[in-house]
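Student: Using the hints provided, position chain F relative to the given structure of chain H.
Protein chains in written order, with our numbering: chain H, 1 to 286; chain F, 1 to 286.
Just so you know, these hints were derived from the structure itself, not from any lab.
Ideal placement from N, C-alpha and C gives every residue a C-beta, glycine not left out.
Hints are not guaranteed to be accurate.
To be verified - Using C-beta positions, here's what the derived DEER-type ranges look like: (1) A54/F <-> I273/H: 52 to 60 Å; (2) E120/F <-> P49/H: 29 to 37 Å; (3) I111/H <-> L262/F: 36 to 44 Å.
Protein chains: 2
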Amino acid sequence: MAKKILIKKASGEKEIFSIIKLKKSMMSSGVASGVAKRVISQIRPKIKPGTTTAQIHRLAFDLLKSEDKSYAARYNLKKAIMRLGPDGFPFEKYFAALLEEQGYETKTNVIVRGKCISHEVDVIAEKYEKNIHAIIEAKFHSHGGGKTGSKDALYTYARFLDIKEAWNIKKNKGAKPREATLQSWLVTNTKVTGEVKIYCGCVGIKAIGWDYASEGDNLQELIENRGLYPITVLISLNHQQVRDLLHHNIVLCKQLINQDTLLSRLGFHGRQIQQLYQEINKLFGS
Amino acid sequence: MAKKILIKKASGEKEIFSIIKLKKSMMSSGVASGVAKRVISQIRPKIKPGTTTAQIHRLAFDLLKSEDKSYAARYNLKKAIMRLGPDGFPFEKYFAALLEEQGYETKTNVIVRGKCISHEVDVIAEKYEKNIHAIIEAKFHSHGGGKTGSKDALYTYARFLDIKEAWNIKKNKGAKPREATLQSWLVTNTKVTGEVKIYCGCVGIKAIGWDYASEGDNLQELIENRGLYPITVLISLNHQQVRDLLHHNIVLCKQLINQDTLLSRLGFHGRQIQQLYQEINKLFGS
Chain H
1 MAKKILIKKA
11 SGEKEIFSII
21 KLKKSMMSSG
31 VASGVAKRVI
41 SQIRPKIKPG
51 TTTAQIHRLA
61 FDLLKSEDKS
71 YAARYNLKKA
81 IMRLGPDGFP
91 FEKYFAALLE
101 EQGYETKTNV
111 IVRGKCISHE
121 VDVIAEKYEK
131 NIHAIIEAKF
141 HSHGGGKTGS
151 KDALYTYARF
161 LDIKEAWNIK
171 KNKGAKPREA
181 TLQSWLVTNT
191 KVTGEVKIYC
201 GCVGIKAIGW
211 DYASEGDNLQ
221 ELIENRGLYP
231 ITVLISLNHQ
241 QVRDLLHHNI
251 VLCKQLINQD
261 TLLSRLGFHG
271 RQIQQLYQEI
281 NKLFGS
Chain F
1 MAKKILIKKA
11 SGEKEIFSII
21 KLKKSMMSSG
31 VASGVAKRVI
41 SQIRPKIKPG
51 TTTAQIHRLA
61 FDLLKSEDKS
71 YAARYNLKKA
81 IMRLGPDGFP
91 FEKYFAALLE
101 EQGYETKTNV
111 IVRGKCISHE
121 VDVIAEKYEK
131 NIHAIIEAKF
141 HSHGGGKTGS
151 KDALYTYARF
161 LDIKEAWNIK
171 KNKGAKPREA
181 TLQSWLVTNT
191 KVTGEVKIYC
201 GCVGIKAIGW
211 DYASEGDNLQ
221 ELIENRGLYP
231 ITVLISLNHQ
241 QVRDLLHHNI
251 VLCKQLINQD
261 TLLSRLGFHG
271 RQIQQLYQEI
281 NKLFGS
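This is chain H alone, in the form it adopts within the complex (with noise of 0.2 Å):
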């Protein structure tokens, strides 16, 4: 039987590494079976007692780097979104931007009257024809490790209650939408601590964490059961490039397609950009 070797998670804890684990977490991000074994045996002599998990991923994402970039894309999500830092405006573009493809209508940083005093909200994503009008807080983390704890979750509700108050005031004197009820999301790319799923299902709010989510997908799934990547996946990409692209707000790989003359004035050369483009149509499977 195999030793059992005590790795160290983002948060410091210690795991014992987990040669299963480390396969499912490939092959969820569309990694093939075979090459994720492959990648395994290559892995498996260099991890000794105490090695990290971030050393491992990087390990992984190395190796899949080399046997396709794609893969290596995928698997670099979590990465990728935190990539998206360090203040947490692109993260709130992307989310909105994961919301516009579901069909909803969204807005960013935008200032709402509350009751008492105004409020800057993240996002606001509405879907008429469900009169779906939601408030939406978005807690970015630019590092790995942390949590989104009750803190975050309590000053989220006492935000909706005090721009509730408000516009239930509104909708008494008569202002539309009538049947429309508010809703308040708490969407984060950390994991989510156990008293916040508690809080938010006992107080009405969707939560949406990396790995959970109060109803319907959580981020991860609505990510990759769509293909909706932000562009900090792509391998082609640098920090600077991303930057600009960002500033485009072009935060999606597939809001990239066909992007010749953006991507030309950003000072792309043409093997670049057809580069980038096939990087991207690897990512999609076509």
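Tutor: Chain F in isolation, oriented as in the chain H frame:
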């Protein structure tokens, strides 16, 4: 006319150096007018464009110290409160002690079940004969220039609502005291933003900041009007001695009177104890 000199505040903002303001800040902490004038005449030539308020404060403090230790101690009150840090627990203990002096029964750091989740409440203060039961959020900052903002007030309110719902459920089942209503207080050693003032007023949180209170005395007044100085004002105590005393739940200067046994046990020599008592006596003007 004297030239206007721009000095730098802790927040990074600039303001014109004002002799009147400096004199006022000394006199409001009990420094005699003649002493304040003497100190200012020595400080004035040392102020250059870009001098920070912290540097000016330090100059004034050092000069006051050579004039009279008790003047210096009182002048240094805001800094002394910050020296209760870096973590917020001694500030909670200190604020609880201020309330005890006003006839409240207090508990610090209590886990309280709300309707949805459990909460770590910083201070609970009760005055049974007046039916006051308050859960208090103590927001401590160990650095100058910061303000307590609306997120803290929002989060305080949501926590209060959750605890109040559980409290009301218990009351409806017949639990006593039936007449009491629960209060929410937000207490901080910094300034509070205008939004905090409006929000707290709107939802009924009692807010107490360094120089603001929604009702009654602000923190500075609570301390100075009653001479409830924290031990961190005392020039005779070094950092380790402060830690040791806080560890023994001594937070107020007045708790140090006639504590020969404890002080000896903590390694104070006879002369140090006399020096300390002398400083405390001067602080209280005796």
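Student: If a hint holds in the structure, say so; if it doesn't, say that too.
Tutor: Here's how the hints hold up against the structure:
no. : hint                          : in the structure
1   : A54/F <-> I273/H: 52 to 60 Å  : holds, 54 Å
2   : E120/F <-> P49/H: 29 to 37 Å  : holds, 35 Å
3   : I111/H <-> L262/F: 36 to 44 Å : violated, 55 Å
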